[in-house]
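Between the sequences and the hints, there should be enough to build the whole structure, so can you do that?
What follows is each chain in one-letter form.
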Amino acid sequence: MSLELPLDDAPRERPLTIYELTESARQVLERAFPAVWVEGEVSNFVRQSSGHWYFTLKDKQAEVRCAMFRGDNRRLPTEPENGLKVFGRGRLTVYGARGAMQFVVKDLVATTEGGFHAIALERARRALEKDGLLDPARKRPLPPFPRVIGMVTSPDGAAWRDVVAVIARRWPMVELVLVPARVQGDDAPRDLCRALALADRYARLDVLIVGRGGGSKEDLRAFDDEQVARAVAASRVPTISAVGHETDVTLTDLVADVRAATPSAAAEKAVPDRLELLRYLASLEAGLGTAAGRRLEAAGARLAHARSRMAGAVTSRVREAERRLGQAMLRMRAACESRAALRRADTERLAASLDALSPLKVLDRGYSVARDGAGRVLRRVADFPSGLGFRLRVVDGEVGARAEMPT
Amino acid sequence: MSTPRGTTPEGPTPSLQADLARLEAIVRALEAQDVDLDQALALFEEGVGRLRDARERLAAAELRLKQLREAAGGGAEVDDQAGGPGA
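Protein chains in written order, with the working numbering: chain A, 4 to 410; chain B, 419 to 505.
There's no promise every hint is true.
[What the hints assert, rightly or not] Below, a list of computed lysine to aspartate or glutamate pairs in the EDC-like style, where the Cα atoms sit at most 20 angstroms apart: (1) Lys484(B) / Asp62(A); (2) Lys272(A) / Asp165(A); (3) Lys484(B) / Asp203(A).
Because the hints were derived from the structure by calculation, they are not lab data.
Below, the structure is given as structure tokens:
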């Protein structure tokens, strides 16, 4: 390759300045090399206070000094560590101030699986672990009957709608407080942290759900942000994390007190099920009836036993006890306005006596009921002035009738 | 602005929790059979009352939707949110 130097071949009247030399070299190099991808291993990584990165890329035979400026490296989720194998795309140039050849990197890709995001994630996970935030012993139980439930999520997302629907169905006796936040995009982590801090300042919450519906790995990335995870871990009230679908596990999931596979599942974990509780109440009611009934039966059996063994002299005391037992049974029945305790042996007998009292039963035996036009029941002779038209209710219907002069 | 962790203002739900705990205790006491008849009946009557209260609490329910926002002075305030579960 023959380089075309931007210099005259003719002898010069004065020597080149160093700047002229390096600047010429820079122009030659930059013209000769388009943007290229290189593959190498990172070493001597330094992050300047200016935000620019400086490092060396090397392979077995050679190395090149590299710079990656802040405007470019800010797109990466984390810094490379020394020893990391990367692909870098950039341009070769000369850094005149040092007289050094430099590769200015525009894009950097880690060759490891998951790239820089996986590295950033692992780094954040280790930092959280170091601070004890992943310790299972930190996990707090959820309140069994929360009154106020907060949710940090997007107001427009499916997650909020799902949580509202599930809680409306299972346990509609709560206040559900939306804490709106952006859940994806570059500013999502900052906005999530702000919303989490806001939720924490609201003293009435009993439990806090944080999450969003399903999306691409990239969409869920804000929930892998270390600061977001720290904000969740700092919550005063127990937290439930619900991000994406079953298979998505984020840092937020790891630090929350409870991880739910989806927002709907989070809602199910947050509240009990009203129907289930009603069933449980019914079982308690049955238990109450059975236990009280057994208690009375046991007392009755003891009395019967006593009566059979006792002479006349003490019969009156047994009678007194029996009277009290009878009263107790009445009180129990009176207290028991609800079905289950009556449902036992009493039910059939009760149904039978109700049936016996039913007016239809009476009519069936040949009686009938007379009513005037207003529906008033006519009971006495005086209710039947001569000529009065009335209706007679018999067992299978009604017939019209008219009163005649009594004979 | 800050409430100690774990405290909640008095409300209907703690009573539901109390009702349930008391009901369970009553059933256990009745099953243990070491209470006398009058006590057993008093427990039974109380149990029936607690059951009724618990059911009433579960029946009188309406989901309330709110939205939290920053308040002046750095606090947090809720607004009623339009649109219930059906919206």
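Evaluated hints:
1. Lys484(B) / Asp62(A): Given pair Lys484(B), Asp62(A) is violated - Cα atoms ~59 angstroms apart, limit 20 angstroms.
2. Lys272(A) / Asp165(A): Roughly 13 angstroms separates the two Cα atoms, so the pair holds.
3. Lys484(B) / Asp203(A): With a Cα-Cα distance of about 16 angstroms, the restraint between Lys484(B) and Asp203(A) holds, given a limit of 20 angstroms.
Of the hints listed earlier, the one the structure fails to meet is number 1.
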